[in-house]
Amino acid sequence: MRAPRARRGRAEDAVEGAALPRWVFVPAGLGALLVAVPLLGVVARVPWSQFLALITSDSSVAALLLSLRTATASTLCCLVVGVPLALVLARSSLPGLRVLRVLVLLPLVLPPVVGGLALLYAVGRQGLLGPVLEAAGVRIAFTTTAVVLAQTFVSLPFLVVALEGALRTAGRRYEAVAASLGARPSRVLLRVTLPLVLPGLVSGAVLAFARSLGEFGATLTFAGSLQGVTRTLPLEIYLVRETDPQAAVALSLLLVVVSAVVVVAVHGRRGAGAR
Amino acid sequence: MSRGPRPAALVAAALLLAGCGGSAGSSSPSSAASSSPSSSAAAPVTLTVFAAASLKSTFTALGKRFEASHPGTTVEFSFAGSSDLVSQLVAGAPADVFASADEANMAKVDRQQLLDGRPVDFATNVLEIATPRGNPARVASFADLARPGLAVVVCAPQVPCGAAAAEVEAASGVALEPVSEESSVTDVLGKVTSGEADAGLVYATDVRTAGDAVTGVPFPESAGAVNTYPIAALSGSAHRAAAEAFRDLVASADGRATLAAAGFGAPGA
Chain A
28 MRAPRARRGR
38 AEDAVEGAAL
48 PRWVFVPAGL
58 GALLVAVPLL
68 GVVARVPWSQ
78 FLALITSDSS
88 VAALLLSLRT
98 ATASTLCCLV
108 VGVPLALVLA
118 RSSLPGLRVL
128 RVLVLLPLVL
138 PPVVGGLALL
148 YAVGRQGLLG
158 PVLEAAGVRI
168 AFTTTAVVLA
178 QTFVSLPFLV
188 VALEGALRTA
198 GRRYEAVAAS
208 LGARPSRVLL
218 RVTLPLVLPG
228 LVSGAVLAFA
238 RSLGEFGATL
248 TFAGSLQGVT
258 RTLPLEIYLV
268 RETDPQAAVA
278 LSLLLVVVSA
288 VVVVAVHGRR
298 GAGAR
Chain B
124 MSRGPRPAAL
134 VAAALLLAGC
144 GGSAGSSSPS
154 SAASSSPSSS
164 AAAPVTLTVF
174 AAASLKSTFT
184 ALGKRFEASH
194 PGTTVEFSFA
204 GSSDLVSQLV
214 AGAPADVFAS
224 ADEANMAKVD
234 RQQLLDGRPV
244 DFATNVLEIA
254 TPRGNPARVA
264 SFADLARPGL
274 AVVVCAPQVP
284 CGAAAAEVEA
294 ASGVALEPVS
304 EESSVTDVLG
314 KVTSGEADAG
324 LVYATDVRTA
334 GDAVTGVPFP
344 ESAGAVNTYP
354 IAALSGSAHR
364 AAAEAFRDLV
374 ASADGRATLA
384 AAGFGAPGA
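Line by line, the protein sequences give chains A and B. Under my numbering, read the first sequence as residues 28 to 302, first letter to last. Under my numbering, read the second sequence as residues 124 to 392, first letter to last.
Do not take every clue at face value.
What the hints assert, rightly or not - Think about it this way: if two alpha-carbon atoms lie no more than 25 angstroms apart in a straight line, the pair counts; the simulated SDA-like pairs of lysine to any residue are:
1. B/K231 <-> B/A384
2. B/K179 <-> A/V141
3. B/K231 <-> A/G56
4. B/K231 <-> A/W75
Unchecked claim - Interface residues of chain B toward chain A, partial, derived using beta-carbon atoms under 10 angstroms:
5. S210
6. A266
7. P280
8. L372
Because the hints were derived from the structure by calculation, they are not lab data. The C-beta atom is built at its ideal place from N, Cα and C for all residues, glycine as well.
Turn these sequences into a full structure, and let the hints guide you.
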């Protein structure tokens with residue numbers, strides 16, 4: 028009775044295997060409270076009577092729409108470059124792979140403000156690529172492109188880490204079988220590997236989207252802050268907090284709700300198997 | 124065997140959490156408790172000064188001077204945007220002195236009845252145009268900032284430097300079309316020093332602090348929006364005498380001289 032279940036996959040192991048030691052629930056509960064209590068603090072401060080007016084003001088709507096647009100664009104950018112990166116990291120045997128992995132993960136530990144500065148020194152007017160871009164007539168700073176670039180920079184590791192993990196967990200057996208049956212590498216990749224790791228790919232993309240939505244430091248440093256162009260929701264929150272802390276609280280709740288909706292919409296639908 | 128690890132792990136988890144939470148909270152109450160009964164004696168006193176970010180260099184110098192003339196007293200600073208400092212003070216942050224970059228933020232603290240005595244105006248600041256080193260875009264006047272194609276960065280109207288910029292705009296009739304409205308002077312200056320912006324509106328003292336990285340262009344219209352800096356001792360202070368003494372040092376002729384050297388104007392001017 029247990030044998031066929033156990034073979035179905037790792038997700039089931041915890042259910043049928045040894046029970047979780049009870050003490051684990053104590054630190055787990057404290058961890059959950061650490062996140063939940065501050066969120067409750069925000070909810071408790073929301074000026075409900077003006078909530079709708081605050082989140083539907085011109086500047087709030089502009090910031091929300093810009094955030095959704097840029098986070099979507101940066102998630103797509105992450106997919107375009109992040110999927111190949113994860114494949115290289117998980118499946119190739121290039122020399123210097125360790126260095127590459129550290130490099131890709133670096134934005135995780137880098138303070139976002141430093142990330143913004145780094146981008147400025149790379150593609151800014153006086154940056155490394157500045158003269159080339161200037162000659163080509165391309166100006167990145169103060170544009171929505173800069174916001175997307177900043178968000179992609181900080182979000183990329185989330186996608187790569189999630190996907191690389193999924194690729195390693197999935198193993199290479201099916202790929203080997205497909206190849207032995209004569210499938211070309213591209214066909215193996217598109218028909219076997221990617222479908223196999225789709226859940227991991229989706230959670231990686233959701234993480235990247237959520238991170239992009241919350242991006243603040245790199246955007247502020249690199250892109251600037253102008254309504255409808257570069258002032259995303261987190262920047263708007265930071266700014267209105269100066270004069271109207273209540274509006275900042277209302278907008279924070281909006282950001283939390285939007286992020287939660289995205290995460291639940293994707294993860295919820297896939298159920299527990301998403302990992 | 125299954126019972127063994129449980130209590131031990133619980134204790135370990137509790138210790139771990141106590142450790143996590145303790146480090147942040149425990150230091151300030153103990154220092155306040157140990158020094159409160161001896162505010163007038165020569166026992167070591169740590170004076171905590173919350174000051175606007177633009178005061179960093181001048182107040183650090185004045186703090187050293189205060190420590191020299193008040194042996195046993197250590198002055199600790201927290202420099203940040205005035206409105207951030209107000210949020211912290213209102214939320215109960217322990218501080219002895221507050222120096223704001225504008226009167227509006229001092230008024231907020233006053234309304235919460237956190238002040239000891241009246242605030243004293245001790246300095247003023249006016250806007251100045253900051254350009255990247257050498258002023259490559261040849262900005263010579265406030266009206267130049269409206270030139271088409273010029274990348275101008277200002278503070279957002281919600282923050283004091285942006286409010287001042289809006290005042291100057293209204294008074295001079297020059298309408299700017301900034302490429303970015305930043306949340307702080309630091310962010311404006313960052314865009315200028317990096318060369319991304321051709322010009323930015325910051326305070327005269329910021330141009331001075333930035334040194335060689337920027338070239339300043341003063342303009343007469345700036346007189347239309349003078350920013351006044353008030354300082355006050357806080358009623359929650361355990362060292363009122365020292366707090367008032369520090370306030371008085373800042374407002375003294377000595378303090379003025381230090382501030383003037385950094386580009387601040389005299390109050391009431």
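Structure-based check of all given hints:
1. Between B/K231 and B/A384 the CA atoms are separated by roughly 29 angstroms; this puts the pair beyond 25 angstroms, and the hint is violated.
2. For the proposed pair B/K179 and A/V141, the alpha carbon gap of about 22 angstroms is at most 25 angstroms, so the pair holds.
3. The straight-line distance between the Cα atoms of B/K231 and A/G56 is roughly 39 angstroms, outside the 25 angstroms bound, and the hint therefore fails.
4. For the proposed pair B/K231 and A/W75, the alpha carbon gap of about 23 angstroms is at most 25 angstroms, so the pair holds.
5. Given the 10 angstroms rule on beta carbons, the hint for B/S210 holds: about 7 angstroms separates it from the nearest Cβ of chain A.
6. A least Cβ separation of about 22 angstroms between B/A266 and chain A goes past the 10 angstroms threshold, and the interface hint is therefore violated.
7. Checking B/P280 against chain A: minimum C-beta separation of about 9 angstroms stays under 10 angstroms; hint holds.
8. Because the closest C-beta pair between B/L372 and chain A is about 30 angstroms apart, greater than 10 angstroms, the hint is violated.
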